[in-house]
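Student: Protein chains in written order, with this note's numbering: chain A, 1 to 240; chain B, 1 to 264.
It is possible that part of the hints are untrue.
To give an idea of the chain A side of the interface with chain B (calculated C-beta under 10 Å), a few residues [as the list claims (entries may be wrong)]:
1) Ala12
2) Ile17
3) Arg33
4) Gly84
5) Asn115
6) Tyr178
7) Tyr188
Quick caveat, the hints were computed from the structure, so don't treat them as lab data.
For every residue, glycine included, the Cβ atom is placed at its ideal position computed from N, Cα and C.
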Amino acid sequence: MNKLHHSILWAALIIIILLILLSIYGAFLGSERAQNFFNSPPLAVYWFVSGLMLTAGIIIFRQPVRLLLIHCGCVLVLLGAMLGSDAGHGLQRKLLGIDKINRGKMLIYQGRESNKVITEKDSQIKELPFSIRLKEFRVDYYEPKRGAVRDYISSLAVIENDEIVAEKNVEVNHPLHYGGHYFYQYAYDTQDGQYSVLMVVSDTGLGLIYAGYVMLCTGVIWHFWLRDIFRQKKKAADGN
Amino acid sequence: MVIKYTVQGALIYLVMASYLLAFAATLLKCRKTGRVLYLLGFITAVFSFICRWYYVRHIPMQNLFEVFLCLGVMIFPISVFCSRTLRIGGHSADMLIGAIVLFPAGFVFSAEPQQLPPALQSWLFLPHVAAYMLSYIFMAKAAFQGLAQFAGKNPNPGKMPLDAETATYRMIRAGFPLLTLGLILGSYWGQLAWGDYWGWDPKELWSLASWLVYVGYFHFRYIFGKKYLRINSTWALAGMALIVITLLWVNLSRLFPTLHSYAT
């Protein structure tokens with residue numbers, strides 16, 4: 001191992017230990033303050049440095065494919081998370097002129113449609129390029145009309161240029177994906193069930209993150225399990 | 001501490017008793033009796049798990065009672081797999097671990113059945129929780145090997161036994177992909193259920209920290225190999241400590257307001 005390799009490995013170790021300590025610190029903050037903390041400028045520097053170090057490691061070390069998958073997967077997750085953050089959305093607005101709502105909520109009455117979203121960050125009202133109609137909202141119970149709730153269901157239709165372009169029953173665990181946004185069942189009119197509140201979340205960067213996840217899992221399983229299994233099989237075959 | 005005067009409770013106590021007797025028998029060199037008792041305990045545990053499943057009518061992995069019951073079932077197949085395939089010892093320690101993980105199910109956590117809330121009705125429920133629980137058992141066995149390394153003992157069988165440090169490494173290699181799967185499936189599920197693949201929730205952060213400890217272990221061991229055996233083992237023990245915090249402290253303490261609040 002030459003000096004360069006050695007120092008990169010040391011840097012990796014320090015970055016990992018630092019993130020362990022930061023995570024533990026963040027756990028004591030509670031999720032809201034932790035989110036602000038991990039999005040603050042000093043932490044942005046940390047994320048950039050770790051991304052750069054990972055990339056340096058990928059370039060300088062001659063890694064087998066399985067380790068490349070793991071490390072590139074981590075880089076993709078980092079990139080996707082940066083793109084999807086508030087800062088990432090702001091950057092897109094400035095550079096590409098894409099004004100996309102990162103996070104927000106919309107309230108729709110039964111039988112009506114709406115394209116207005118209240119943003120989570122600064123409570124502005126913004127408009128989507130399409131509107132969403134709430135055909136019906138209902139709550140399912142385990143036993144009729146009492147006891148534990150089984151599910152909250154909003155029947156939605158997406159309307160673009162006076163035409164229905166998509167329809168879906170949005171329930172917990174089953175969001176609607178349309179036009180670069182995910183729509184989630186968030187809240188409802190607890191008095192009469194007249195309206196439903198949807199959470200709107202941008203899908204920017206999510207593709208990169210999922211690709212990174214797949215690479216990371218494939219690499220990890222390959223490196224830690226499959227290699228040993230193949231080696232053992234080969235040994236057994238050689239033994240015969 | 002509450003004693004459960006139910007069939008479910010009685011079954012759990014029976015399993016605990018068999019595991020403990022198996023442990024005692026193995027210590028007294030009656031290995032065969034120990035193995036039979038361990039197997040009997042396992043069969044009872046499976047029966048108890050099926051009863052619970054039938055009783056609550058969903059996969060019983062929802063609250064801490066069910067999670068610990070499930071750990072008490074999983075310990076046996078994993079210790080058989082480890083000793084047969086990976087040639088890792090510590091069979092008797094597994095029996096003790098089995099009795100220890102069943103203790104909270106038997107005496108601490110409430111067995112009140114709960115209906116599955118909407119967020120938990122997902123195909124990801126089983127793989128996310130099961131991957132984590134299996135990996136936790138592997139990591140517990142790794143920590144045991146790490147302790148053995150500290151104590152200068154070697155629990156591994158055979159004519160050419162693995163040294164405890166290599167056994168620790170092997171256990172962590174077996175458990176780490178499961179830990180990764182648990183983390184990533186959880187993240188994917190978070191995106192589907194809460195609209196967030198990562199919500200900076202205390203449980204998420206503790207689980208990330210425990211995952212990273214093993215990542216750190218691999219890098220450290222890659223740099224130094226077997227130069228600092230004790231530091232290698234310390235990583236394994238630190239990982240286990242963080243896992244216990246992730247599994248228990250986060251849910252039991254009021255310090256951490258979490259979305260993963262299925263505990264009490």
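Student: Could you run down the list of hints and mark each one as holding or not?
Tutor: Verification of the hints:
1. Of the supplied interface hints, the one on alanine 12/A holds, with its beta-carbon coming within about 5 Å of a beta-carbon of chain B, less than 10 Å.
2. A cut of 10 Å between beta carbons decides the hint on isoleucine 17/A: the least distance to chain B is about 6 Å, and the hint holds.
3. Using the Cβ-Cβ criterion of 10 Å, the hint placing arginine 33/A at the interface with chain B is satisfied: the shortest such distance is roughly 9 Å.
4. At a threshold of 10 Å, the smallest CB-CB gap from glycine 84/A to chain B is about 9 Å, leaving the interface hint in force.
5. The interface hint given for asparagine 115/A is broken, as the beta carbon of that residue sits about 19 Å from the closest beta carbon of chain B, more than 10 Å.
6. Interface hint at tyrosine 178/A: violated, since its Cβ lies 14 Å from the closest Cβ of chain B, which is beyond the 10 Å cut-off.
7. Interface hint status for tyrosine 188/A: violated, as the beta-carbon distance to the closest one in chain B is roughly 12 Å, over 10 Å.
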